[in-house]
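All chains should be built: construct the whole structure from the sequences, respecting the hints.
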Amino acid sequence: MVTINGKQYEVSGKTIAAYLTEAKYDLQRVAVELNGEIVSKGKLAETIMQDGDVMEVVSFVGGG
Amino acid sequence: MFTRLELHEALVARHGAENQARLESARVAVCGLGGLGSNVAIALARAGVGALHLFDFDCVELSNLNRQQYFPRQLGRPKTEALAETLSEIAPYCQISATTVRLTEENIPSLLAGFPIICEAFDRAEAKATLVNTVLTAFPDTWLVAGNGMAGLGEGNLIQTRQVGKRLILCGDGISGVESGAPLFSARVLLCAAHQALAILRLITQTNIN
Numbered sequence: 112m113v114t115i116n117g118k119q120y121e122v123s124g125k126t127i128a129a130y131l132t133e134a135k136y137d138l139q140r141v142a143v144e145l146n147g148e149i150v151s152k153g154k155l156a157e158t159i160m161q162d163g164d165v166m167e168v169v170s171f172v173g174g175g
Numbered sequence: 006m007f008t009r010l011e012l013h014e015a016l017v018a019r020h021g022a023e024n025q026a027r028l029e030s031a032r033v034a035v036c037g038l039g040g041l042g043s044n045v046a047i048a049l050a051r052a053g054v055g056a057l058h059l060f061d062f063d064c065v066e067l068s069n070l071n072r073q074q075y076f077p078r079q080l081g082r083p084k085t086e087a088l089a090e091t092l093s094e095i096a097p098y099c100q101i102s103a104t105t106v107r108l109t110e111e112n113i114p115s116l117l118a119g120f121p122i123i124c125e126a127f128d129r130a131e132a133k134a135t136l137v138n139t140v141l142t143a144f145p146d147t148w149l150v151a152g153n154g155m156a157g158l159g160e161g162n163l164i165q166t167r168q169v170g171k172r173l174i175l176c177g178d179g180i181s182g183v184e185s186g187a188p189l190f191s192a193r194v195l196l197c198a199a200h201q202a203l204a205i206l207r208l209i210t211q212t213n214i215n
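Line by line, the protein sequences give chains D and W.
Letter by letter, the first sequence follows residues 112 to 175 of this note's numbering.
Letter by letter, the second sequence follows residues 6 to 215 of this note's numbering.
Don't read these hints as lab results, they were simulated from the structure.
We treat Cβ as the ideally placed atom computed from N, Cα and C, and that holds for glycine.
Treat the hints with caution; some may be incorrect.
Listed below are the simulated DMTMM-like cross-link pairs for lysine to aspartate or glutamate, each with C-alpha atoms no more than 25 Å apart in a straight line [claimed, not checked]:
no.: 1; chain 1: D; residue 1: 154; chain 2: D; residue 2: 133
no.: 2; chain 1: D; residue 1: 135; chain 2: W; residue 2: 94
no.: 3; chain 1: D; residue 1: 125; chain 2: D; residue 2: 137
no.: 4; chain 1: W; residue 1: 171; chain 2: W; residue 2: 86
no.: 5; chain 1: D; residue 1: 152; chain 2: W; residue 2: 131
no.: 6; chain 1: W; residue 1: 171; chain 2: D; residue 2: 157
no.: 7; chain 1: D; residue 1: 154; chain 2: W; residue 2: 131
no.: 8; chain 1: W; residue 1: 171; chain 2: D; residue 2: 144
no.: 9; chain 1: W; residue 1: 171; chain 2: D; residue 2: 148
no.: 10; chain 1: D; residue 1: 135; chain 2: W; residue 2: 131
no.: 11; chain 1: D; residue 1: 135; chain 2: D; residue 2: 121
no.: 12; chain 1: D; residue 1: 154; chain 2: W; residue 2: 111
no.: 13; chain 1: D; residue 1: 154; chain 2: W; residue 2: 110
no.: 14; chain 1: W; residue 1: 171; chain 2: D; residue 2: 164
Label pairs and their calculated CB-CB ranges [said to hold, decoys possible]:
no.: 15; chain 1: W; residue 1: 7; chain 2: D; residue 2: 163; range: 56 to 66 Å
no.: 16; chain 1: W; residue 1: 68; chain 2: D; residue 2: 112; range: 40 to 50 Å
no.: 17; chain 1: D; residue 1: 112; chain 2: W; residue 2: 212; range: 31 to 41 Å
no.: 18; chain 1: W; residue 1: 80; chain 2: D; residue 2: 112; range: 47 to 57 Å
no.: 19; chain 1: D; residue 1: 121; chain 2: W; residue 2: 66; range: 22 to 32 Å
Laid out in structure tokens, this is it:
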């Protein structure tokens, strides 16, 4: 199980990019922290989520 | 006109000597000078923050006057120049510098190097994500305070501040964007800007990160 934004998901073994695409996030508008560390854009497709990981996906909206 | 020392003493009387010493030695970069950034910069300057660096590529437009801290006489001028002028009137001893540039993945690592605290105050979602990703990746010790979700006329109490990970603080309701056609009103944008400015003041006075 991986904790994503406070909820548990059965996604261990997937890459972050694959999860984000399935969950319909726009990859151009997100920032991802895995276990408290930022995951750079270039690493999203190569980082595989593991059991026990805690991930935060911040999805930005426009306005300022 | 009052002297630097007179202003310092007035601010010490209001804020306390320890807070003021930290504020005066603080240096903050404000990225984006619209409804969020112009208001954040003014709140920081009024508090006595020692140095502000302003980044924006845009000019003041008529449609900005509903929520951004510009005057009709400043229409057409770069926001960096217009806001620097206003800030120097409000806080004549704040050291204000500005760069008129569009911040990108390529230039952020050089232009934003060395700032202990960076305020993200862009309007486009993609630009916000790029700044956050690039800053947190390039600068391992920098704090980033970002605005996310303040469009429309939703309840004010939905605007919140939360920390994500080690160095990212997010202010806003997290969901109300302009993409759905929602308008931007000064009152709600100011709430978010105030959350951002307060988060920055808390970092400066409580964590001694300068």
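Comparing the hints with the structure gives:
1. Taking the CA atoms of residue 154(D) and residue 133(D), the gap is near 17 Å; set against the 25 Å cutoff, the hint holds.
2. Proximity of residue 135(D) to residue 94(W) is assessed by CA-CA distance (about 47 Å); at most 25 Å being required, the pair is judged violated.
3. With a C-alpha separation of about 18 Å, the suggested pair residue 125(D) and residue 137(D) falls inside the 25 Å cut-off, and the hint holds.
4. Between residue 171(W) and residue 86(W) the alpha-carbon distance is near 34 Å, which puts this suggested pair outside the 25 Å criterion.
5. Distance restraint check for residue 152(D) and residue 131(W): the Cα-Cα separation of roughly 12 Å lies within the 25 Å cut-off, and the hinted pair is therefore satisfied.
6. At roughly 22 Å between alpha-carbon atoms, residue 171(W) and residue 157(D) fall within 25 Å of each other, so this suggested pair holds.
7. Pair hint residue 154(D) plus residue 131(W) holds up; C-alpha atoms about 18 Å apart against a cutoff of 25 Å.
8. Proximity of residue 171(W) to residue 144(D) is assessed by CA-CA distance (about 9 Å); at most 25 Å being required, the pair is judged to hold.
9. The suggested pairing of residue 171(W) with residue 148(D) holds, with an alpha-carbon distance near 7 Å, which does not exceed 25 Å.
10. Between residue 135(D) and residue 131(W) the alpha-carbon distance is near 16 Å, which keeps this suggested pair within the 25 Å criterion.
11. Proximity of residue 135(D) to residue 121(D) is assessed by CA-CA distance (about 17 Å); at most 25 Å being required, the pair is judged to hold.
12. A distance of roughly 17 Å separates the Cα atoms of residue 154(D) and residue 111(W); the hinted pair therefore holds under the 25 Å criterion.
13. In summary, the hint linking residue 154(D) to residue 110(W) is supported, as the alpha carbons are separated by about 15 Å, within the 25 Å threshold.
14. As the CA atoms of residue 171(W) and residue 164(D) are separated by approximately 16 Å, the hinted pair is consistent with the 25 Å bound.
15. Evaluation of the 56 to 66 Å hint for residue 7(W) and residue 163(D) yields a pass: the beta carbon distance comes to about 58 Å.
16. Take residue 68(W) and residue 112(D): their Cβ atoms lie about 48 Å apart, and the range 40 to 50 Å holds.
17. The supplied range of 31 to 41 Å is met by residue 112(D) and residue 212(W), whose beta-carbon atoms lie about 33 Å from each other.
18. A hinted range of 47 to 57 Å holds for the C-beta pair residue 80(W) and residue 112(D), which are about 55 Å apart.
19. Range check, residue 121(D) to residue 66(W): Cβ separation about 49 Å, and the 22 to 32 Å hint is violated.
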